[in-house]
Amino acid sequence: MDAVIENFPTFLAGFGQTLSLFAIAGLGAFVLGVIVATLRISPIASFRTIATIYTEVVRNTPLTLVLFGCAFILPYLDVRLDFFVLAAIGLTVYTSPFVAEAIRSGVNGVPIGQAEAARSIGLTFGQSLSTVVMPQAIRMVIPPLINVFIALVKNTSVAGAFFVVELFAAARIVINVRGDQVIAILLAVAAFYLVVTIPLGQLAAALEKRVAVLR
Amino acid sequence: MSQSVLYDAPGPKARRRSRIISIVAGVLVIAGLAWLIITLGAERVTAGGVTQPGLWDASRWDIFLDLAVWRAIGRGVLATLQMAAVAAVLAIVIGILFSFGRTAKARWIRIPTAVVLEFFRGMPVLLMMLFVLLVFSTGSYWAGVAGLAVYNGAIIGEILRAGIVALPKGQREAGLSIGLTPIATRFLIEFPQAFRQMLPIIIAQLVVLLKDTALAYIVGYTELLRQVVNRLSNFYGNEYFFSLFFVVLLIYLAINLTLSWIARFVARKTGSHAGAAAAKVPGVEGTQAITMQRPADTGLDQTPR
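The listed protein sequences derive, respectively, from chains C and H.
Just so we're aligned, residue 1 is where the first sequence starts under the numbering used here, counting upward by one.
Just so we're aligned, residue 1 is where the second sequence starts under the numbering used here, counting upward by one.
No lab work stands behind these hints: they were computed from the structure.
Hints are not guaranteed to be accurate.
[To be verified] Computed cross-link-like contacts, DSSO-like style, restricted to lysine-lysine with a CA-CA straight-line distance of at most 30 Å:
no., chain 1, residue 1, chain 2, residue 2
1, C, K209, H, K169
2, C, K209, H, K13
3, H, K105, H, K169
4, H, K269, H, K169
Assemble the whole structure, with the sequences as input and the hints as a guide.
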């Protein structure tokens with residue numbers, strides 16, 4: 001236990017890095033995901049194709065490979081960035097198709113009559129999407145979206161293997177010094193992750209119930 | 001929602017406009033790719049003042065003519081598939097146990113199981129692998145297998161639980177009324193139906209598991225990525241680093257896309273409306289298509305992890 005107390009500042013610093021990775025990549029993935037989702041339902045065929053290929057390719061690439069590429073291949077191509085930024089880029093790219101799919105399934109979940117009604121009173125594609133379909137879709141999208149972000153919190157741990165000193169890397173550093181208290185250290189780190197993921201999970205479940213009642 | 005509802009069937013003018021935008025977008029994407037390819041192919045001067053040939057130069061791909069290289073890659077693929085297969089079997093077993101514990105009548109089973117499930121689902125897989133590696137000193141292979149099995153077992157458990165909960169109440173009542181014990185009812189009546197209902201989602205989760213075997217790279221297991229990119233580029237020289245990485249990426253994509261396709265095929269074959277029940281599974285992201293307009297499309301989205 002004393003290994004945890006002694007090294008608490010290291011854990012806190014790592015936790016800060018984890019949270020900032022989560023915040024930056026989460027924001028980036030959300031923006032990128034919305035763009036991809038819009039492209040995927042747009043009237044223009046080539047946009048749909050591009051977005052579909054992007055989604056399929058990124059979703060089927062292991063995260064380790066994405067971050068490996070960001071950490072080793074990008075610098076090789078003369079991209080001179082901090083490893084933190086590289087990891088944030090990797091996580092953003094990796095998470096964006098999942099955001100896009102969550103949004104798209106929300107749009108698909110809006111009853112077809114809603115869109116028909118919007119179209120029949122003469123709204124355009126943009127109008128019916130932004131004033132009729134999206135406001136309803138967003139509600140259904142929020143719980144799965146929260147689940148995507150929970151996964152992102154957990155995924156930041158992979159960045160720890162690629163030169164970003166976040167929580168996972170902090171754990172490894174501390175373990176190197178205090179090999180005698182591995183269990184306590186790892187449980188402490190797990191607690192940090194659970195502090196974020198469990199409340200988010202509860203929030204998603206609670207929201208899901210409310211949405212279900214509303215519909 | 002079918003896409004055509006959101007906009008009118010395009011007339012000749014709109015069709016022309018959309019075609020022009022299509023072509024412009026296509027050209028932009030191709031131009032971007034071409035730029036990337038040319039940049040990669042350009043000769044570079046390294047820090048030591050040595051000129052390196054571009055990435056598409058034959059000298060950086062010639063090792064792939066060697067059969068030994070492909071044998072080494074094959075070993076990597078096998079190592080990855082082996083880990084995935086063992087972990088998948090264990091994950092399903094663990095998932096079944098979890099789902100029974102979670103739906104048990106006795107409170108002293110149900111509540112601890114729920115807590116344990118919550119604990120496992122909230123943790124990064126990587127942390128579990130590290131835990132097994134250091135605490136049980138099992139070696140990287142079993143660390144990877146155990147981490148993947150427990151984490152995905154917890155998720156499959158939740159999926160199966162949702163499947164059992166979503167069954168019509170009459171199934172259980174019918175089982176009990178013909179004199180089966182509650183446990184026999186669960187095993188013989190409820191569970192087989194829930195499993196079949198949820199099969200597409202379980203397969204989708206197994207694709208995630210296969211993808212996650214790459215995490216074992218970090219705890220030091222020699223799977224595809226380490227075998228090919230680290231070992232082979234150490235052996236043949238750093239100039240092959242990029243080519244080897246590219247090959248690994250393609251192999252992963254080929255395996256995963258095939259499996260995803262199989263999952264979709266199974267979903268269509270069974271015609272299961274698993275999406276409705278999956279909507280109740282927290283943590284199975286992207287499956288929450290609330291209405292069932294496109295059953296083939298729902299319930300198959302992978303969890304990010």
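Taking the hints in turn, this is what the structure says about them:
no.	hint	result
1	C:K209 x H:K169	21 Å, holds
2	C:K209 x H:K13	46 Å, violated
3	H:K105 x H:K169	15 Å, holds
4	H:K269 x H:K169	26 Å, holds
Consistency note: the structure conflicts with earlier hint 2 alone.
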